[in-house]
Amino acid sequence: MGSNRNSQPPGLDMLPVPRNPSRRSGKLASGTVALLSASLILGGCATMHSTSRQPFAPDSGVPHFAKGSAGSGPAHAVAGTPPNVALTSGLLYRLIFAEIAAQRGEPEAAFAAMMKSARDTRDPRLARRATEIAIDARDAGRALQGSALWHTLAPSDPGARQAYVSLLLANGRFRTVRPYLEQDLAQTPDPVAFLDQLQTVLAHAPDRKRGYALLDGLAQPYYHDPIRGFPIEVIAARAARAANDHAATEEHAQAALALRPDSALATILVAQIWLNGGAPPEDGSRPDGADDGRSQAITTLSGFLVKHPESARVREAYARLLLGEGRLEEARAQFKELARMDPQNPEPLFALGALALEAERYGTAREYFRRYLAATGPTGPARNKDLLYTDMSQVAEGERRYGEALSWLHKVQGAKQRAVAAVSEALVLGRMGRIAEATRKLDAIPAPTPADQVQHLLARAELLRDAHHDQEAYQLLRHALKQYPGDPDLLYGAAMAAEQIDRVDVMEKLLRRLMALHPDYAHAYNALGYTFADRNIRLHEAARLIDRALALAPDDGFIVDSKGWLQYREGDLQAARATLLRAYRLKEDPDVAAHLGEVLWTLGDHQAARALLLQAQRRNTESDSATLQDTLRRLHIKP
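Here the sequence shown is numbered in the numbering used here, starting from 50 and rising by one per residue.
Since the hints were derived computationally from the structure, they do not count as laboratory data.
Since the model is a prediction, treat every value here as computed from it, not as a measurement.
Beta carbons: idealized from backbone N, C-alpha and C, even for Gly.
Treat the hints with caution; some may be incorrect.
To be verified - In silico lysine to aspartate or glutamate, EDC-like type, Cα no more than 16 Å apart, as pairs: (1) LYS385 x GLU416; (2) LYS385 x GLU396; (3) LYS165 x GLU148; (4) LYS356 x ASP311; (5) LYS385 x GLU359; (6) LYS465 x ASP501; (7) LYS490 x ASP501; (8) LYS258 x ASP294; (9) LYS434 x GLU396.
Claimed, not checked - Pairwise CB distance ranges, derived in the manner of DEER restraints: (10) ARG561 x ASP341: 24 to 34 Å; (11) PRO358 x ALA496: 41 to 51 Å; (12) ARG667 x GLN303: 54 to 64 Å; (13) ALA493 x LYS460: 12 to 22 Å; (14) GLN303 x GLU148: 49 to 59 Å; (15) LYS460 x PRO497: 18 to 28 Å; (16) ALA493 x ARG450: 16 to 26 Å; (17) TYR533 x GLU157: 33 to 43 Å; (18) ALA235 x ALA496: 54 to 64 Å; (19) ASN585 x PRO310: 54 to 64 Å; (20) GLY535 x LEU588: 28 to 38 Å; (21) LYS165 x THR225: 19 to 29 Å.
Sequences are here, hints too, so could you generate the full structure?
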């Protein structure tokens, strides 16, 4: 039975050199491809303003600028003349008690004692200290109480006022805070910077819809300003997007573009707004409106390119967005156009090499990487060089030049990349049959984080499979799931290991659990759908699963292959032929070649089938694809 998409846990795709590039699960094979699509905005396009873009301080739950007021500087630095407070024994006791309680991790008691002291003495310094205690305890509610008292006791102290305003925002007290913000906005010399920082805070507020309404109301006088209108429309669009208000986002985005219709930077900023939705749900799926947002971003960029095809900046952003959407063929076309537009720019060559590697066109990938290396020389970015070396190692491994693959990996210098490369070296050694050496190397590599530990477990399972210990690999991954029960790559890896020992019932159970926990994990649907199609069972369900996978990753060669193989099982040979031809263009994998060859043979095109299958046989070893070897035997095809 063929299992082209079931042979390796997708987690290993995080490693620069997977065990066998021709038998990957079908996730983006090259780590570089994923990195290329990770950010739409390049260079200085990420923000329009130099203000701090930090949200609530992560260690306090309070807006960033509040801590700067309430948590820095000496405790006596309060505006005005502090009251002359007699240090009675009772007051001294409460102050000492409060500080000891704070040090012992009892902030509620510390806050209560300090607040009582502040109320009794009317000393703003003590109210400030109570506010600090609450902020350090990440208690925004008590911090607001403290700052309110501090501001009451020291109304002329700008630090007290700023802390109070910040904490009103943190607690969603928008009606109370609005008069303060209106006053500050009227007095600030830079309303764009003020609203930009306010939007950052409101994006993390408890009620983003009311937060957007607050900012929109404050921004009204500036929308038609010929200079400030554009950046403030962008700020408002970000606030609306954070609130998942699609209509308001579109209104502000269109207004911004209308103010600067020919600006590449404006277009990219608006596209970025559409991409940046709210926080993702805990189940790992995209946030509400994310798919619509990505569609709007694509429309924004492509529409600009229709009018301004010469804009390399927008074209590169568009190519990266297509890459992130899994639309690899379209992304490849855009990067080719970029290379044509600016032959001196090496970055499109790097992207095209990674895409060729993903398609397992190793000769093409090697040539693009060679040209990139020649163009950048020894002074090129070190990070890119490490990525290049790991990708070149994948090319060499794909061509079964394992010694060369190790040589490329030895060139990796970056600390983080070096640790990943070491795991990759162990996997290459496993491919060479040097299992004991590979195991020793893997044992010597530190795994300080849970993510590192998961990757080591997946790599160890891969080495066990290299040694034909499939049962042990399965047991290892099932045991690992007890420690990391929700990890998607471990779930997938254990499911594929179960399939290898013909425990399809366990595989199905694990994959359905993976779908429930991570509904956007395309290869869970694909693996189960392909298994049904390959066994010629439950074809209606197979179609539903594979179509779901295709919706998530439309240009994944393995998933397209699954669709073609399903069409073959359903008897639609012409559709199967067209789909499998596309799959082979996307992924020159031996399993895909076997499926396409089988369909061509069934259609009576024996010559084309023979040529394709023999070419795939020459490119791959017997261990690379049981499906290919089985097809050659059944059709009695020999060199």
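With the threshold set at 16 Å, check whether the alpha-carbon distance from LYS385 to GLU416 stays at or below it.
14 Å, holds
Check the following: the C-beta atoms of LYS165 and THR225 are separated by a distance inside 19 to 29 Å.
Holds, since LYS165 and THR225 (Cβ atoms, about 24 Å apart) stay within the stated range.
Assess, step by step, whether the Cα of LYS258 is no farther than 16 Å from the Cα of ASP294, and give holds or violated.
8 Å, holds
Distance restraint between LYS490 and ASP501, which requires alpha-carbon spacing of 16 Å or less
Distance ~15 Å between LYS490 and ASP501 Cα, so the pair holds.
Is it true that the C-beta distance of GLY535 to LEU588 lies inside 28 to 38 Å, as the hint says?
31 Å, holds
Consistency of beta-carbon spacing, ALA496 to ALA235, with hint 54 to 64 Å:
Holds, since ALA235 and ALA496 (Cβ atoms, about 56 Å apart) stay within the stated range.
Holds or violated: LYS165 to GLU148, with C-alpha atoms at most 16 Å apart
Measuring from Cα to Cα gives roughly 14 Å; hence the hint holds.
Quick one: are ALA493 and LYS460 within 12 to 22 Å, going by C-beta?
20 Å, holds
Compare the distance between the alpha carbons of LYS465 and ASP501 with 16 Å, and conclude whether the hinted pair is satisfied.
Roughly 11 Å between the alpha carbons, so the hint for LYS465 and ASP501 holds.
For ALA493 and ARG450, compare the CB-CB distance with the range 16 to 26 Å and indicate the outcome.
For ALA493 and ARG450 the Cβ distance comes to about 25 Å; the hint holds.
Check the following: the C-beta atoms of ARG561 and ASP341 are separated by a distance inside 24 to 34 Å.
28 Å, holds
Within 16 Å, alpha carbon to alpha carbon, are LYS434 and GLU396?
Given that 16 Å is the threshold and the Cα spacing comes to 12 Å, the pair holds.
The structure shown violates none of the earlier numbered hints.
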